[in-house]
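Student: Each chain, letter by letter, is given below.
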Amino acid sequence: MIIVRKFVLNILTVIIVGCLCICGFTWVDIHNLKRVDFSLPAEKHIVVIGPSTSANAIDDTKFTSLKNMSRIATELTAIVSILPRVLEQNMQIDTVLIHHDRFEYLYGANGKPKLFGRHLFFRERIPFYFYDPTIIYWGHMLRNVDFYASILNPDCYRIFSNWKTMDDWGFGYYGDDKCVLHDENEEWSDFWYDSAYLEKYGTNVYTKEWIEENCIPTDYAARKAIEICKEHNVVPVLFFTPLYQYDRWCTWEGYCDYVKSYYDNDILVADYEDFQFPDDSYYRDVHHLNSKGAAYFSEYLSKNGIKKYTMDEWLKLKGF
Amino acid sequence: MLFNSYAFLFFFPLNVLVYWGIKYVMKGRNTLRFRNILLLIASYYFYMCWQPKYVLLLFFSTCVTYVSALLMNKSTTQKKKKLWLVVAIVLNLLVLFLYKYYGFIGGVISTLLSSIGLLIKIPGFDVLLPVGISFYIFQALGYSIDVYRGDTEVEKDFFTYALFVSFFPQLVAGPIERSTNLLRQFKEDRGFDYDFAISGFKLMLWGYFLKLCIADRASIYVDAVFNNINSHEGYSTLIASIMFTLQIYGDFAGYTFIAIGCARILGFSLHDNFRRPYFSVSITDFWRRWHISLSTWFRDYVYFPLGGSRTTKGKTYRNLLITFLVSGIWHGANWTFVLWGAIHGILQCIERILGWNKKCWNFGLKILHILLTLSVVNIMWVLFRADSVAVAGKAIVQMFTFSDITLGAGRLSLIFTAIATMVLFTKELMEECKLNDAKILNNVFVSNYLKPIFLIFCIGVLGCFDGGQFIYFQF
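So the sequence lines, in the order shown, correspond to chains A and B.
Numbering of the first sequence is given in my numbering, commencing with residue 1 and proceeding in unit increments.
Numbering of the second sequence is given in my numbering, commencing with residue 1001 and proceeding in unit increments.
The hints are simulated quantities; they were obtained by calculation from the structure and are not laboratory data.
Careful, some of the hints might be misleading.
Cβ-to-Cβ under 7 Å is the rule here; a few derived chain A residues that face chain B [said to hold, decoys possible]: (1) Ile2; (2) Val4; (3) Cys21; (4) Ile22; (5) Gly24.
Keeping only pairs whose Cα atoms sit at most 30 Å apart, straight-line, the calculated DSS-like set for lysine-lysine is [to be verified]: (6) A/Lys6 to B/Lys1439; (7) A/Lys292 to B/Lys1394; (8) A/Lys178 to A/Lys34; (9) B/Lys1427 to A/Lys6; (10) A/Lys6 to B/Lys1027; (11) A/Lys6 to B/Lys1394; (12) A/Lys6 to B/Lys1156; (13) A/Lys308 to A/Lys292; (14) B/Lys1394 to A/Lys178; (15) B/Lys1080 to B/Lys1156; (16) A/Lys303 to A/Lys292; (17) A/Lys6 to B/Lys1451; (18) A/Lys34 to A/Lys230; (19) A/Lys62 to A/Lys260.
From the three backbone atoms N, C-alpha and C, an ideal C-beta is built for every residue, glycine too.
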C-alpha cells in the first residue's frame, strides 16, 4: 500500500509542477499582450466590428474613412472588451457599425445551443485578453469540461509571437477569392438549420423565446458594444451585411419581436441583408461574400453612403 | 471512450485505484478472479461508450473463439480440430466482411457487372464500422490458431478469456497481443511494482505528447489540404504529406504508448508496437519497426503458412506480395489501401532482389538510405490519407509541382508541430544511437520528475485539445 501511495504522490507532484510551469508561462504571455497598439490612421472615423460575416463583406481599402475591425470565426465578444481602448486611442471615431445579423442568432440552432466561446479558444486561439469576462457566458462554458483544458493551453495566447497591432491579431478585412457556394455540404447550408429547427420546434419561425434561450452571449455583446459607444459619445449602428437568399433562413417575425423588446428606439439600423448582386459568383458561401462580392458591396457603400434607419422606421420597413 | 477524452481521465485512475485497492485492502484473500471480472466489466464499458450495440460483436467473436478452442481441445482427430478452427475463422471473418468490406466488395461487383451491361444493384448494408473490429478479431483468431497448433493451452475460464479479447488498453487499436503473452498474465497474481508503474506513467505521457502535440497539431494543416486538394498546389501539398507522415506516427504510436503505459500501471506487460520506424534503412526494415504486432501476426499466420522465405525465390516474392496485399486490405476497404499494401510488397521484393534487406551500411550510406526510405514511406502515406486513388494521384503529382508556399491558417500549427517534432527527433535519435543510457538521464530525479514535468509542459504549451479521434480506430 505504501508503494501505491508513493506512486500516486510521484504522479501528483509531476502533474502539479507541470501545470504550474504552464500557468507561469501563460502569465508572462498575457503580460506581453498588454502592449498591443490599437491606434488607427486619423482619417478612419468609422469602424465596423463583428464576426466573419462582416470581416468578409467590407473591403476597407475601398473607403477612406472606414476601418473594418471584424474578425473571422469569432463573435462580437472578441472585440467588445477592447472597444473602450480602441475608442480611447482613436478620438476621431464617431460611428461604430455593429454587425448584428440574424445569422449570429441562429448559431445555436440544430436544437443544441452552441457551447459559446469554446471553439474560439480551441481553434482560433484568440487570447483571453480579447474577451470581456462579463460577456462570456460562463454558464455554458463552466458546464463544459473541455473549457478548462483550453484555459490551461497557452496556445490560446499565441505564444512565441510579438504582435503589436490589431491586424497582427487578425482583426480586419478578410478577403477570400473562393466561391464554394454550391459545393458546400448540407451541414453548412441553410437546410441544416431549417430542418433541425423544424424537427425540434415543429415550425421554421424562430421565436423570441428561442432566440432568448440560445443566443444570450452574442446579443449581450451587441448591447454592451452599444453601451460603450454611448459612453464615448460615438454613434452605434446595428449593421446587417448581405446574406445569400436570406429569406430561406427564417422569417423576420421572431427576430423583430426580440429586437423590439431588447433595443432602444434611438438605435440606428443599416440593413443590407437583401442587397442584390448580379449573380451568385459574389458569394463565398451561404454566409459570406468573397473578395469580388466585398469589393462590389464596399464600392456601392462608398459611393452611395451608408443608409441608416431608426429602429421604428426599420421595423415598419419589415412590416412590424 | 477515447484516451484523449476527459472521461478517460476519470475512468482510468478509478480503475487503477479499484484494481489495486481491492488487492491490498483484502489482504490474504485471493482476489485475482474478482479483479479480472472488474477489469472485464470496465473493458466492456470502455467499448460501449462508443456504440453500446456493437459490444455484441465483441461478445460474439469472444464466444465463437472460446467455444471453438474448447471443442478443438476435445477433438480426438486432427480433422475435427481443423474443422473447429475453420468454423472460428469463417465466422469471425464473416463479421469482419459484413461490417467492413461488404459495401466495398458490393461496389466493385456492381461496377464490374455494369461494365458488361448488367445493371444490378447490390443491396446495401449501411452500418457504422465498429471501432477496433480488425484488432480484436485478429487477436481472437490468433488465439484459435495457437490452440490449433498447440502453441498455447486452451483457456477454460470464460471471464479470463473474455478479458484477453477485450482488455481495454489495447482493445480498439492494439497492440494485437498473443495469448502466449497476455493470457497467462491474467492468471498470475502479481503485486504492485513501483518502477514498472512509473515506467507506464512515463509511456502514457509520451503517448499523449505524440498524440496531442504532433498528431492533432499536424492534422489541422493536413485536413485543410487533403479535404480540399484542388485549392492547394506544390509546396503546400508536399508539406501536408510530410505533416501526415508525422501525424500518422504520432497518432498510432501515441495510442500504443498510452495503451502499454495503462497496462503497465495495471501490472500487465504488452508487446512493443513501434521501434523508431522513421529511422529505417529499407522498407523491409520499416516493417520490422512499424506496427510490429500486426507485422508479426501476418508473418506468423499468413506468410509462414504460405511457405515464407524457405522456398524458391519466386514463391517467396509471391508470399510477400500476398501478405502485404492482405495487410493493405486489413487497413481498410478502399483501393487506396490495396494499392498501398501492394506497393509495399513490391518494394520489399525489389529490396530482396537487390539484397538490401540484409546489407549492413556504413554511416554515410545509412543516412542516405534512411532518407530514401523515409521519402518513399512519405509518398506511400499519401495513398493512406487520400479518399480515393484519383485524389492520391493528384496529390502526389502536385507534391512535385513546385509553386509558392501558401501556409494559410495552419501556419501556427506548423510551427508548433515543428517544435514538437524536434523533441521527438532528439529522443529517437538518442535511442537509435544508444545515448539514452547516459547516467545523468537515468538519474531518479531526472527520469521520474524532470522528464515527465517537461512532457506535461510541452503538452500544455504545444498540445491541441480538440479531442481528435485516433486514425487507427477505423481499422
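Student: Each hint should be assessed against the structure and marked as holding or not.
Tutor: Hints and how they fare:
| no. | hint | in the structure |
| --- | --- | --- |
| 1 | Ile2 | 10 Å, violated |
| 2 | Val4 | 5 Å, holds |
| 3 | Cys21 | 5 Å, holds |
| 4 | Ile22 | 4 Å, holds |
| 5 | Gly24 | 10 Å, violated |
| 6 | A/Lys6 to B/Lys1439 | 23 Å, holds |
| 7 | A/Lys292 to B/Lys1394 | 29 Å, holds |
| 8 | A/Lys178 to A/Lys34 | 35 Å, violated |
| 9 | B/Lys1427 to A/Lys6 | 27 Å, holds |
| 10 | A/Lys6 to B/Lys1027 | 19 Å, holds |
| 11 | A/Lys6 to B/Lys1394 | 56 Å, violated |
| 12 | A/Lys6 to B/Lys1156 | 37 Å, violated |
| 13 | A/Lys308 to A/Lys292 | 24 Å, holds |
| 14 | B/Lys1394 to A/Lys178 | 20 Å, holds |
| 15 | B/Lys1080 to B/Lys1156 | 19 Å, holds |
| 16 | A/Lys303 to A/Lys292 | 17 Å, holds |
| 17 | A/Lys6 to B/Lys1451 | 18 Å, holds |
| 18 | A/Lys34 to A/Lys230 | 25 Å, holds |
| 19 | A/Lys62 to A/Lys260 | 34 Å, violated |
In this structure, the hints that do not hold are numbers 1, 5, 8, 11, 12, 19, in rising order.
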